[in-house]
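Model the full structure from these sequences, guided by the hints.
One-letter residues, chain by chain:
There are 2 protein chains.
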Amino acid sequence: MLKDFVRTERMTEKERRAKIREERDHLFSSQMKIKDAKLPVMVIFEGWNTAGKGEIIGKVIRNIDPRFFKVATMDRQPSEEEKRYPFLYRFIKEIPETGKFRFFDTCWMEEVVDGVIEGTLSEEDYKKRVHSVNILERQLCDNGYLVIKFFFHISKKEQKKRLEKLSGSKDTKWRVDKEDLFQNKNYDRFLDLYERYLDDTNASRTPWYIIDAEDKKTAELQVLSFLNQGIDIALTNQKMNVPILQNTFPMQKLPKLSEIPLDDKVLTEEEYDAKLDSLQKELKDLGNKIYRKKIPVIIAYEGWDAAGKGGNIKRITEALDPRDYVVEPIASPEPHEKARHYLWRFWTRLPKTGHITIFDRTWYGRVMVERLEGFCSENDWQRAYNEINEFEKELSDWGAVIIKFWVQIDKDTQLERFNDRQNTPEKQWKITDEDWRNREKWDLYETAIDEMIEKTSTAFAPWHVLESVDKKYARIKALKIVIEEIKKRL
Amino acid sequence: MLKDFVRTERMTEKERRAKIREERDHLFSSQMKIKDAKLPVMVIFEGWNTAGKGEIIGKVIRNIDPRFFKVATMDRQPSEEEKRYPFLYRFIKEIPETGKFRFFDTCWMEEVVDGVIEGTLSEEDYKKRVHSVNILERQLCDNGYLVIKFFFHISKKEQKKRLEKLSGSKDTKWRVDKEDLFQNKNYDRFLDLYERYLDDTNASRTPWYIIDAEDKKTAELQVLSFLNQGIDIALTNQKMNVPILQNTFPMQKLPKLSEIPLDDKVLTEEEYDAKLDSLQKELKDLGNKIYRKKIPVIIAYEGWDAAGKGGNIKRITEALDPRDYVVEPIASPEPHEKARHYLWRFWTRLPKTGHITIFDRTWYGRVMVERLEGFCSENDWQRAYNEINEFEKELSDWGAVIIKFWVQIDKDTQLERFNDRQNTPEKQWKITDEDWRNREKWDLYETAIDEMIEKTSTAFAPWHVLESVDKKYARIKALKIVIEEIKKRL
Numbered sequence: 043m044l045k046d047f048v049r050t051e052r053m054t055e056k057e058r059r060a061k062i063r064e065e066r067d068h069l070f071s072s073q074m075k076i077k078d079a080k081l082p083v084m085v086i087f088e089g090w091n092t093a094g095k096g097e098i099i100g101k102v103i104r105n106i107d108p109r110f111f112k113v114a115t116m117d118r119q120p121s122e123e124e125k126r127y128p129f130l131y132r133f134i135k136e137i138p139e140t141g142k143f144r145f146f147d148t149c150w151m152e153e154v155v156d157g158v159i160e161g162t163l164s165e166e167d168y169k170k171r172v173h174s175v176n177i178l179e180r181q182l183c184d185n186g187y188l189v190i191k192f193f194f195h196i197s198k199k200e201q202k203k204r205l206e207k208l209s210g211s212k213d214t215k216w217r218v219d220k221e222d223l224f225q226n227k228n229y230d231r232f233l234d235l236y237e238r239y240l241d242d243t244n245a246s247r248t249p250w251y252i253i254d255a256e257d258k259k260t261a262e263l264q265v266l267s268f269l270n271q272g273i274d275i276a277l278t279n280q281k282m283n284v285p286i287l288q289n290t291f292p293m294q295k296l297p298k299l300s301e302i303p304l305d306d307k308v309l310t311e312e313e314y315d316a317k318l319d320s321l322q323k324e325l326k327d328l329g330n331k332i333y334r335k336k337i338p339v340i341i342a343y344e345g346w347d348a349a350g351k352g353g354n355i356k357r358i359t360e361a362l363d364p365r366d367y368v369v370e371p372i373a374s375p376e377p378h379e380k381a382r383h384y385l386w387r388f389w390t391r392l393p394k395t396g397h398i399t400i401f402d403r404t405w406y407g408r409v410m411v412e413r414l415e416g417f418c419s420e421n422d423w424q425r426a427y428n429e430i431n432e433f434e435k436e437l438s439d440w441g442a443v444i445i446k447f448w449v450q451i452d453k454d455t456q457l458e459r460f461n462d463r464q465n466t467p468e469k470q471w472k473i474t475d476e477d478w479r480n481r482e483k484w485d486l487y488e489t490a491i492d493e494m495i496e497k498t499s500t501a502f503a504p505w506h507v508l509e510s511v512d513k514k515y516a517r518i519k520a521l522k523i524v525i526e527e528i529k530k531r532l
Numbered sequence: 043m044l045k046d047f048v049r050t051e052r053m054t055e056k057e058r059r060a061k062i063r064e065e066r067d068h069l070f071s072s073q074m075k076i077k078d079a080k081l082p083v084m085v086i087f088e089g090w091n092t093a094g095k096g097e098i099i100g101k102v103i104r105n106i107d108p109r110f111f112k113v114a115t116m117d118r119q120p121s122e123e124e125k126r127y128p129f130l131y132r133f134i135k136e137i138p139e140t141g142k143f144r145f146f147d148t149c150w151m152e153e154v155v156d157g158v159i160e161g162t163l164s165e166e167d168y169k170k171r172v173h174s175v176n177i178l179e180r181q182l183c184d185n186g187y188l189v190i191k192f193f194f195h196i197s198k199k200e201q202k203k204r205l206e207k208l209s210g211s212k213d214t215k216w217r218v219d220k221e222d223l224f225q226n227k228n229y230d231r232f233l234d235l236y237e238r239y240l241d242d243t244n245a246s247r248t249p250w251y252i253i254d255a256e257d258k259k260t261a262e263l264q265v266l267s268f269l270n271q272g273i274d275i276a277l278t279n280q281k282m283n284v285p286i287l288q289n290t291f292p293m294q295k296l297p298k299l300s301e302i303p304l305d306d307k308v309l310t311e312e313e314y315d316a317k318l319d320s321l322q323k324e325l326k327d328l329g330n331k332i333y334r335k336k337i338p339v340i341i342a343y344e345g346w347d348a349a350g351k352g353g354n355i356k357r358i359t360e361a362l363d364p365r366d367y368v369v370e371p372i373a374s375p376e377p378h379e380k381a382r383h384y385l386w387r388f389w390t391r392l393p394k395t396g397h398i399t400i401f402d403r404t405w406y407g408r409v410m411v412e413r414l415e416g417f418c419s420e421n422d423w424q425r426a427y428n429e430i431n432e433f434e435k436e437l438s439d440w441g442a443v444i445i446k447f448w449v450q451i452d453k454d455t456q457l458e459r460f461n462d463r464q465n466t467p468e469k470q471w472k473i474t475d476e477d478w479r480n481r482e483k484w485d486l487y488e489t490a491i492d493e494m495i496e497k498t499s500t501a502f503a504p505w506h507v508l509e510s511v512d513k514k515y516a517r518i519k520a521l522k523i524v525i526e527e528i529k530k531r532l
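In order, the protein sequences belong to chains A and B.
Each residue of the first sequence is one higher than the one before, counting from 43 in our numbering.
Each residue of the second sequence is one higher than the one before, counting from 43 in our numbering.
Source of the hints: derived by calculation from the structure; they are not laboratory data.
Treat the hints with care, since some could be wrong.
Where chains are identical, the list cannot tell them apart; a pair therefore holds if satisfied intra-copy or between any two copies.
Stated by the list, open to error - Using 30 Å as the maximum straight-line C-alpha spacing, the simulated DSSO-like pairs for lysine-lysine come out as follows:
| no. | residue 1 | residue 2 |
| --- | --- | --- |
| 1 | K142 | K101 |
| 2 | K61 | K258 |
| 3 | K298 | K45 |
| 4 | K295 | K258 |
| 5 | K112 | K77 |
| 6 | K295 | K199 |
| 7 | K331 | K513 |
| 8 | K61 | K295 |
| 9 | K298 | K258 |
Next comes the structure, spelled out in structure tokens:
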């Protein structure tokens with residue numbers, strides 16, 4: 043699309059000025075509508091070096107109240123720290139919240155294209171990255187984001203002229219770096235790659251808009267009018283439902299909760315003590331190994347209230363070096379978390395390589411409590427199975443070990459433990475009215491959990507059920523699984 | 043996606059039967075909703091030979107009143123006649139109208155995959171076809187269609203078993219043909235190609251659903267539930283606005299109508315007679331050549347009322363063999379045309395190779411009268427420039443010569459001609475109240491036409507303005523352009 047691109051501009055200077063004024067006013071009046079509609083607007087500026095992205099961003103934001111936007115200036119390459127997270131992590135951290143603009147001064151495109159140019163990304167890596175980008179852009183759209191992508195286009199000649207002009211003055215000389223000169227020298231190679239990348243990521247709901255950046259006034263007008271057009275359309279499409287994609291990940295079959303025997307899953311105190319000790323020792327060693335080998339580990343706990351998640355987690359962490367792991371207790375989302383894609387608060391809590399994050403409750407809230415309490419729409423939670431599998435596949439491809447536990451007890455055992463908590467003063471803080479209310483919905487939850495386990499037990503991130511009527515049994519089983527899964531990856 | 047596909051089916055037979063009953067009732071009750079919402083539903087069945095597509099279609103339609111659906115059974119390869127039209131022509135002819143279902147028993151996928159297998163489609167051809175398919179599927183969605191795509195999947199072993207069973211009985215032996223055996227023998231090659239095709243055409247709004255067709259009851263349930271789910275979502279998304287894609291075709295710059303001088307474009311009677319005669323002779327020869335060389339030619343006329351389109355067209359057709367051309371006068375769409383994608387009535391009027399179709403008014407009605415009279419939404423006509431360019435690009439890539447004329451006069455000339463028509467009894471049929479009403483909107487039309495010419499004058503299908511204050515001049519110019527454009531292609 044870049045190579046054929048020819049601007050047809052028939053405006054007079056006067057017409058253009060009038061049009062720019064009109065578009066600026068339009069954008070100004072859109073900001074309150076965006077706020078009211080809770081629309082998050084992500085505007086991505088990509089393109090040639092010296093094409094004037096920063097300058098146009100500067101002009102565009104002059105029409106928006108500073109409370110309603112932020113500019114994310116992304117480095118072309120991740121820092122050493124950021125390299126220890128998945129490719130998309132540093133960008134996802136910056137996505138806007140509902141009702142606000144976020145302007146990206148370059149985004150994920152640069153890292154991919156530079157990687158190919160420098161030879162650090164193979165053909166296969168390139169395809170994987172493009173795949174990840176397409177999934178993320180689709181997920182953002184599906185979850186109500188407006189994503190607008192601009193490519194600032196200038197010719198080789200124009201770029202050269204600009205670089206020479208910048209180099210020619212001692213006040214601007216510093217703005218020209220080796221990368222700029224390299225890009226101009228290798229303009230045609232970059233052009234091929236940009237063209238390919240644009241083609242590969244040009245989806246119907248997140249299309250590319252090519253900005254003719256040779257003339258800055260035209261560039262500003264084009265950006266403003268595509269932006270306004272996109273906002274107007276997005277504002278009419280709130281509450282839209284989205285096709286539910288089929289879950290085509292390789293799946294593992296697990297039994298329904300009601301089919302899982304619990305009573306025979308018991309350990310004596312002696313068996314427990316002996317096994318706990320030796321397993322914790324083994325896990326300690328493995329913890330050191332994954333630290334040295336820089337393998338990230340994600341352990342996700344879900345289970346019935348009072349099933350024994352806390353004590354189970356404790357037996358894992360006891361074996362680990364406190365510098366290497368973190369436990370993330372997940373409660374209802376904070377306002378700033380609720381205002382973003384529902385996976386955002388988990389993306390931002392990922393371990394870096396060599397570290398372990400244990401989630402005490404997880405992203406599966408989407409298809410359990412959020413589903414049952416109506417905190418999201420039916421379309422939202424139905425879509426979530428596939429979105430979650432995509433999320434976990436991304437982490438698995440990054441190299442993470444993903445271990446998902448469902449801590450299982452029966453309804454009677456829960457009642458016993460609830461009563462015990464209620465009647466034991468030092469345990470009373472552990473039981474709330476909400477626990478009792480949730481208990482009333484046991485059957486609805488069970489249906490939801492069965493569906494969740496069926497639809498998200500993938501080959502790369504299967505569920506493991508921990509039978510926890512005897513908590514000792516569950517703890518030993520959890521340790522064994524963690525050890526086994528880590529060993530597979532070493 | 044095919045290669046990883048693993049079914050996770052945990053239902054008992056009883057549960058499945060209950061679920062099928064539920065989905066059948068759901069579909070039954072959807073048919074009236076679809077009618078009321080004027081939703082056109084296109085359901086595409088693709089997949090392995092003997093996978094049972096036809097049988098499942100038979101089961102699905104039992105839940106729908108015969109007035110609300112048709113089944114389009116497509117041959118895997120086009121007939122000799124159909125080969126003389128663009129690749130997508132035979133499929134587009136069959137798209138459903140609003141409020142109705144159309145089930146496709148195989149669709150464009152087969153022709154593409156078979157072409158690659160047989161070596162008649164090169165890698166480049168394959169990519170072009172996939173590109174065409176993606177554009178069409180997107181255009182259908184953007185214009186309010188629900189498009190659901192099923193791939194019926196069975197293993198090599200299962201296919202072999204079925205073929206052997208069919209061959210084994212003399213009642214069913216005829217159902218097994220050479221192609222079936224060939225496919226089973228070359229299962230892995232087909233699998234690679236299907237996998238690639240599915241990946242290449244798996245868009246977020248027209249995703250693929252893989253049907254596990256080893257077990258027919260499961261297949262029926264899956265089809266019904268994906269179909270119902272898709273319908274429910276589509277019904278909530280009526281009146282949706284669609285992102286306006288950027289027009290990135292190579293464009294040609296033309297002046298605005300008001301900048302085109304008209305008065306000096308005059309011919310004397312003698313000049314006209316001499317030129318007309320020689321040009322018509324030349325065109326006659328070219329007409330024969332394009333017939334023999336099987337080149338399709340599309341001539342599109344637009345222009346002001348009373349600009350002289352009719353007489354202009356006559357001077358072209360006089361030179362042609364009546365067996366080789368057809369003039370299509372385009373009035374407001376008939377109900378059955380209005381009920382389909384707005385380009386459908388033009389797709390179905392295309393010339394076959396070696397023939398000429400002259401459109402007296404065209405698909406550009408979308409961005410002129412439909413825009414100005416509010417016959418379509420703003421989102422519809424804004425999207426149409428790019429959709430029309432895509433349509434013409436498809437025709438141009440097919441090999442068609444596309445010639446677009448704007449017949450231009452000034453407002454005073456129109457008034458003169460209107461008065462002449464009004465005051466001359468034998469011309470009175472040519473003038474209606476509508477003509478006078480349109481004339482009142484001259485300025486609005488001029489703005490729309492300028493925008494149309496700017497946005498649809500592509501390198502492969504540019505506009506030609508015929509200055510027609512002197513009709514003789516316009517006729518000679520039209521003949522010259524038709525000759526020139528045909529010559530370029532010979």
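Now for the hints, and whether the structure bears them out:
Taking the shortest alpha-carbon separations for K142 and K101, only the intra-copy value of 17 Å comes in at or below 30 Å, while the best inter-copy value is 49 Å. For a Cα distance limit of 30 Å, the shortest separation of K61 from K258 inside one copy, 14 Å, qualifies, whereas the shortest one across copies, 61 Å, does not. Taking the shortest alpha-carbon separations for K298 and K45, only the inter-copy value of 26 Å comes in at or below 30 Å, while the best intra-copy value is 55 Å. Within a single copy, K295 and K258 get their C-alpha atoms only as close as 58 Å, which misses the 30 Å cut-off; across copies the closest is 20 Å, which meets it.
When the C-alpha separation of K112 and K77 is checked against a cutoff of 30 Å, the pair qualifies only within one copy, where the shortest distance is 14 Å, while the shortest distance between copies is 46 Å. Within a single copy, K295 and K199 get their C-alpha atoms only as close as 59 Å, which misses the 30 Å cut-off; across copies the closest is 22 Å, which meets it. Taking the shortest alpha-carbon separations for K331 and K513, only the intra-copy value of 28 Å comes in at or below 30 Å, while the best inter-copy value is 88 Å. For the homomeric pair K61 and K295, the shortest alpha-carbon distance between copies (20 Å) is at most 30 Å, but the shortest distance inside one copy (60 Å) is not.
Proximity of K298 to K258 under the C-alpha cut-off of 30 Å is restricted to the inter-copy arrangement: shortest distance 24 Å between copies versus 62 Å within a copy.
When held up to the earlier numbered hints, the structure conflicts with none and fits them all.
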